[in-house]
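Which chain is which? The protein sequence lines are S and C, in order. So the first sequence is numbered by my numbering: it starts at 1 and just counts up by one. So the second sequence is numbered by my numbering: it starts at 1 and just counts up by one.
Some hints here could point you the wrong way.
[Said to hold, decoys possible] In silico lysine-lysine, DSS-like type, Cα no more than 27 angstroms apart, as pairs:
#, chain 1, residue 1, chain 2, residue 2
1, C, 68, S, 104
2, S, 133, C, 68
3, S, 77, S, 101
[Said to hold, decoys possible] Computed footprint of chain C on chain S, listed as stretches where at least three residues anywhere in the stretch have a Cβ under 8 angstroms from a Cβ of chain C:
#, region
4, 30-43
5, 48-61
6, 119-130
7, 151-158
[What the hints assert, rightly or not] In silico contact screen, one side only, chain C against chain S (beta carbon under 8 angstroms); selected entries:
#, residue
8, 50
9, 54
10, 73
11, 182
The hints are simulated quantities; they were obtained by calculation from the structure and are not laboratory data. Remember, it's a predicted structure, so these values are computed and weren't measured experimentally. Ideal Cβ placement from N, Cα and C applies to all residues, glycine included.
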Amino acid sequence: MRFFVMLLFVLATTTTMAQSTLPAVDKSPMDMAYYPAGYPLLKVGDKATEPLLARVIYSRPLKNGRVVFGEMLEYDKVWRLGANEATELEFYQNVKIGNAKIKKGRYTLYCIPSVNKWTLIVNKETDTWGAFKYDEKKDAVRIDLPVEKMEVPVEALSMMFEKAAKNINLIIAWDTVKITLPIYL
Amino acid sequence: MPKIFLFIAVLCIVACNEGKNDNDGPTTAPAAKKQSLNVKVEASHPYAAVDLSPMDMSYFPVDYPHIKHQLQDLPLIRLIYSRPQKKGRTIMGNVVKYDQMWRLGANECTEIEFFRPVTIQEKKVPAGRYTLYCMPRKDHWQIVLNKGLYSWGLDIDISKDIDSFTANLTTTTTIAEYFTAVFEKTDKGANLVFAWDDTVAKLPITF
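In isolation and in its complexed conformation, chain C is listed as follows (with noise of 0.2 angstroms):
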């Protein structure tokens, strides 16, 4: 019951701000300064602002910090990424435009790390961090490794992408309010998952 008032009260902040530009529009704009959540920020203090599309950070094994003292092993997969919202519009072919970069997020660019090699379909990838960001097609999502690191936004060297995978995607009923990026485990490993507006898309991942 308290996750749902919290979940009102964070609508009520964000439907308060409407009218502000958004920052989860696939478009790079590095001078872009970050929209907030609207918390009180004194004048007087230089400190960030919370960000509209807040950060967030999903484990493989999931949920991997709460349990890791019960596993005695180190994690496999962390990702970061930004989250923005559907604020009642249409996603795909819209807010994401189909067959033009995405950043799979908001603000920072999205950052995968593995933390031992892994195999996304019959590809070899070594351990490391990486960037990752997605070519939506209609029927498919692109979704693309990339060597640099620590950018903003679409501001990425294609000239360092290690390789592409192809996510399916399904249509689901249930609309996901906040873009949300989550592993789940599967018979050879996981899958990176992503779910936004009534789309969902499957990575599967073996190790």
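If we strip away everything but chain S, and leave its shape as in the complex, we get (with noise of 0.2 angstroms):
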């Protein structure tokens, strides 16, 4: 009976939405991801130590039963590292990535997943969608990164920062695969 009434439920919300052209929420939802890690909380509650350095605003897609790397997704092909907008990461402060220095600013993160390494690409064409206007000539830095592989695996796509010895890293997550992306400032 319950699943009866919730049935209906949903259907008449459906023909509702189905009306409107409103757009409905997305099927991998939006989030965000700061350093200092949880940025926005620690700033309520006063205890934000040091300023805030990084933002990345990502599209969460869900594993749903799949193997995300090498079937799902291709390996050796660039991927948007998301879903939906392109992902896009800001620096509220110059840093180094790799060999380049990177200044303050938007930037959109793509990368090329393969067996054993991600190659992590920061790009300088931002607002943009998925990775299918791709251009190579407005990378602002490329560094490989190895593969770390997880026993348990992540549902949906995921992002941190963490604070390391010298530098920030970013963590990013899906599947059984880790990569980590340090920061220097």
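Put the complex together from the two separate chains, hints included.
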């Protein structure tokens, strides 16, 4: 009975939504991660001991029982590193990634996943969609990062920043794969 | 058709989540943990769960990232906000209380970025990034632009308010389940359109 009521409710609501032109909620919802991690909540609680250094805005596709790397996503092809709007990495001060100096500002993140390493790409073209118009000439830096395998898979693509001894790391994890991008201040 | 299945799936997931506290209340809850959609999160992982009120982004020109290569121009406005749900509740005067500050979203403060100067109700607004919040009245919404950034909920320093503007309200027969903010093109610029439940608020922006 409860299921039936719910189904009716769902159908009713779906009909309502179908009539309107408002955008539906994304299948791969957007999210944000900060360095310092959880910055807005730290700030609100007066617990922020460092200024805001970086923010990533990305959409979170789900594994949904699939093998993500090498099956759903082909190896050795540029991937948007998210879903929908391109993944945006913003620095609030100049930083260094690999050998490249990266000026403060907004960038788009892409990657080329392969079995044992990912090539992570920081690109200057912002406010774009997917990787359909990816232009290598606008790269700010490319860096090869080793793949770390995890036993327990991560369901939703996840990104978080963490503090390391001499730098900060952007951790990217999905399915059984984890990548660490070192960012030097 | 797949969109409808998707929507049903999302609703079912959300229905399963009933009984948990919501995260879209108009009050400030700094210590409140973000509530999440019922996506499996392994205890062994430190990663954040998927939010119950998912974040979304709206551009003007509408759908800019899709069409930017035809436009060869910069975007004009970008809004980043989170989308709480109606979930059977009356929103105006109930979930969103009249004459109390409301965050115009959920979780992180709603952020608007103007990529060039704009004019709102004859007031010039410099290009830049702002926090957007609302003072809902019965017959209109007062939309406030604030120079503070990267905050949470309603923890907004009102001494950093830049200006406030009047958004007119209409009532519709169609119901917006998720709080929605989009831009629509007008002769002189764009309307920032907010829709939730049976209420639609429009803030005209010119440029």
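Violated constraints from the hint list, given by number and in increasing order
Per hint list: single violation, 10.
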